[in-house]
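Spelled out, the chains give:
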Amino acid sequence: MAEVREGLRYLSSHEWVRLEDDGTVTVGISDHAQHALGDVVFVELPEVGQSVNPGDDVAVVESVKAASDIYAPLAGKVIAYNDQLEATPETVNESPFDDGWFFKLEIADSSGLDALLSAEDYASLCASEAAD
Amino acid sequence: MKETSLASHHRAAGGKMVDFSGWQMPLHYGSQIDEHHAVRQSVGMFDVSHMSVVDVKGSSATDYLQKLLANDVARLKQPGRALYSAMLNPAGGVKDDLIVYRLELGYRLVVNCGTRDKDLAWMLACSDGFEVEIIERPDLALIAVQGPEALSILETTLAPAQQSVLGSLTSFEGAPAGDWFLARTGYTGELGVEIMLPNAAAEGLWTTLLAAGVRPIGLGARDTLRLEAGMNLYGQDMDEGHSPLSSNLAWTVKHNGRNFIGEAALLKMKADKGSTALVGLVMLDRGVLRAQYPVYAQETLVGEITSGAFSPTLQAGIGFARVGAWQGPLFVEIRGKRQAVEPVSLPFVRKGQVVYQKLIPEG
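Chain order of the listed sequences is A and B.
The first sequence begins at 1 in our numbering and counts up one residue at a time.
The second sequence begins at 1 in our numbering and counts up one residue at a time.
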């Protein structure tokens, strides 16, 4: 069973979002998503300084199976990306919630976070997908 | 949905089961890439019982197959020898690709599962006027044991009589051992054995090999292994709309006046210039090639990828592309961006070693 980490927010497209102490957010993909994708072999990441809007496709994760878009959860500006993923994309499989993060955003307003899925809601979404 | 006699073993081993041409088959058992490396570096086993085994017998079996196939079964000088061939339609398109083994009496063909129905209908339709029996063998399971340690593992696990049959075979040969059939063939570019055996015996062999440390390998790694080995996949790299000449299979076509089905069309194509060819591509930057990506030489569209993947051995995106004549560097368009690729000879990998060479365009 895939882990759904508490304390994070989620998108129905399987990204997780973590609000950091400094008010920025970190984005990655869930354990459920990395299981569904299979071995990750390539990650294309956004550029630092790029402005993003919610729903923009800002990164791509390629597994042995398929290429999938990664969406921006909130409006903001990219302030960092995880360059470790360029050489070792398998980190996404091994540590989806920690070392396998994708990018960090500086956001204008953290209230948008409340509109995203809670861990509990996301867990039920995954359960319903598994039942399909 | 059909399943093989080993389906419960795939599930028990954590196999992620998917629909493959109407069969429930394992895509992987956890990590496709680890499975790929296991076959290149040690040994793995594949359940390929979904493939269709068809025996052809009768006094005119040789004449019939000389008409039906683009390669010439008369080259199989003695029982046990095998060859790879395309079966063509009258327009020279590929109906299917298959392996033929010569038996003591007649021949044994192994054809793809996705084309099984049309293959059997076509084989029957082409048999008019020939004294042949076409007998499908759904009673047989097919297990492929592939990798540099395949032979040594089988030496410690097979019964003595089977071992002695296996020991007598060289590459691309097969022979019966009781109601089993052992063949030194495969779809990985490695040393390996394909074992046809009664369905009821498949579980016994599978569990014995598993206990001996042979890793089960899913269809995902089977695809990347065959791609690295430069072997075509029917329906992707060739089909009824493409001839063997544009599918890197000219080497399997034997013209010797026997007038096989599709031969007249192939000879006409050879006379016409400007045909396409299947070549290998390697990405120069990190990334993944996938089927249908367009291929450009400068601003000119010259073809498209037919099969692509991330190669675990090369640690690079690789693929086959069907291209017309081109000049200058090649690029593949990925998500709107041009990525440099190097055209190369096939295979990419053979027996664990990277063997491809850079291709220089003609003219």
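Keep in mind that the hints were calculated from the coordinates and are not lab data.
Fair warning: there could be bad hints in the mix.
[To be verified] In silico DSS-like pairs for lysine-lysine, Cα to Cα no more than 30 Å straight-line:
(1) B:Lys268 - A:Lys65
(2) B:Lys358 - B:Lys16
(3) B:Lys273 - B:Lys351
(4) B:Lys77 - A:Lys65
(5) A:Lys65 - B:Lys57
(6) A:Lys65 - B:Lys254
(7) B:Lys351 - B:Lys337
(8) B:Lys77 - B:Lys16
(9) B:Lys358 - B:Lys254
(10) B:Lys337 - B:Lys118
(11) B:Lys2 - B:Lys77
(12) B:Lys268 - B:Lys254
(13) B:Lys270 - B:Lys254
(14) B:Lys254 - B:Lys337
(15) B:Lys337 - A:Lys77
(16) A:Lys65 - B:Lys67
(17) B:Lys337 - B:Lys270
(18) B:Lys351 - B:Lys118
(19) B:Lys270 - B:Lys118
(20) A:Lys65 - B:Lys273
[What the hints assert, rightly or not] Partner residues aside, some chain A positions facing chain B, computed with beta carbon under 8 Å:
(21) Leu19
(22) Glu20
(23) Gly38
(24) Asp39
(25) Phe42
(26) Leu45
(27) Ile79
(28) Ala80
(29) Asp83
Just so you know, these numbers come straight off a predicted model, no measurement behind them.
Every residue, glycine too, gets a C-beta built ideally from N, C-alpha and C.
Tested hints:
Under the criterion of a C-alpha separation no larger than 30 Å, the hint pairing Lys268 (chain B) with Lys65 (chain A) is inconsistent with the structure, at around 39 Å. Between Lys358 (chain B) and Lys16 (chain B), the direct Cα distance comes to roughly 37 Å. Violation of the 30 Å bound is thereby established for this hinted pair. Pair hint Lys273 (chain B) plus Lys351 (chain B) does not hold up; C-alpha atoms about 35 Å apart against a cutoff of 30 Å. Proposed proximity of Lys77 (chain B) and Lys65 (chain A) is contradicted: the alpha carbons are some 43 Å apart, above 30 Å.
Restraint check for Lys65 (chain A) and Lys57 (chain B): not satisfied, since their Cα atoms lie roughly 41 Å apart, outside the 30 Å limit. The hinted pair formed by Lys65 (chain A) and Lys254 (chain B) fails the criterion: a straight-line CA distance of about 37 Å is larger than 30 Å. Of the supplied pair hints, the one linking Lys351 (chain B) and Lys337 (chain B) is violated, its CA atoms being roughly 34 Å apart against a limit of 30 Å. For the proposed pair Lys77 (chain B) and Lys16 (chain B), the alpha carbon gap of about 43 Å is over 30 Å, so the pair is violated.
Between the alpha carbons of Lys358 (chain B) and Lys254 (chain B) the distance comes to roughly 27 Å, so the proposed pair stays at or under 30 Å and holds. In summary, the hint linking Lys337 (chain B) to Lys118 (chain B) is not supported, as the alpha carbons are separated by about 40 Å, beyond the 30 Å threshold. Restraint check for Lys2 (chain B) and Lys77 (chain B): not satisfied, since their Cα atoms lie roughly 37 Å apart, outside the 30 Å limit. Pair hint Lys268 (chain B) plus Lys254 (chain B) holds up; C-alpha atoms about 15 Å apart against a cutoff of 30 Å.
In summary, the hint linking Lys270 (chain B) to Lys254 (chain B) is supported, as the alpha carbons are separated by about 13 Å, within the 30 Å threshold. The suggested pairing of Lys254 (chain B) with Lys337 (chain B) is violated, with an alpha-carbon distance near 42 Å, which exceeds 30 Å. For the proposed pair Lys337 (chain B) and Lys77 (chain A), the alpha carbon gap of about 23 Å is at most 30 Å, so the pair holds. Restraint check for Lys65 (chain A) and Lys67 (chain B): not satisfied, since their Cα atoms lie roughly 40 Å apart, outside the 30 Å limit.
Under the criterion of a C-alpha separation no larger than 30 Å, the hint pairing Lys337 (chain B) with Lys270 (chain B) is inconsistent with the structure, at around 35 Å. A distance of roughly 34 Å separates the Cα atoms of Lys351 (chain B) and Lys118 (chain B); the hinted pair therefore is violated under the 30 Å criterion. Simply put, Lys270 (chain B) and Lys118 (chain B) have alpha-carbon atoms about 27 Å apart, close enough for the 30 Å limit, and the pair holds. Only pairs whose Cα atoms come within 30 Å are accepted, and Lys65 (chain A) paired with Lys273 (chain B) is rejected, the gap being roughly 37 Å.
For Leu19 (chain A), the interface hint is violated, since its Cβ never comes within 8 Å of a Cβ in chain B; the closest pair sits about 30 Å apart. For Glu20 (chain A), the shortest C-beta to C-beta distance to chain B is roughly 29 Å, which exceeds 8 Å, and the interface hint is violated. The closest approach between the C-beta of Gly38 (chain A) and any C-beta of chain B is roughly 6 Å, which is under the 8 Å cut-off, so the hint is satisfied. This hint holds: Asp39 (chain A) has a C-beta 5 Å from the nearest C-beta of chain B, less than the 8 Å allowed.
Here the hint on Phe42 (chain A) is kept, as its CB sits about 5 Å from the closest CB of chain B, short of 8 Å. With a least beta-carbon distance of about 12 Å to chain B, the hint placing Leu45 (chain A) at the interface is violated under the 8 Å criterion. Residue-level restraint check for Ile79 (chain A) is violated (minimum Cβ-Cβ distance to chain B is 24 Å; threshold 8 Å). The interface hint given for Ala80 (chain A) is violated, since its Cβ lies 20 Å from the closest Cβ of chain B, which is over the 8 Å cut-off.
With its C-beta approaching chain B no nearer than about 12 Å, Asp83 (chain A) sits outside the 8 Å limit, and its interface hint is violated.
The structure does not agree with the numbered hints 1, 2, 3, 4, 5, 6, 7, 8, 10, 11, 14, 16, 17, 18, 20, 21, 22, 26, 27, 28, 29 stated previously, though it agrees with the rest.
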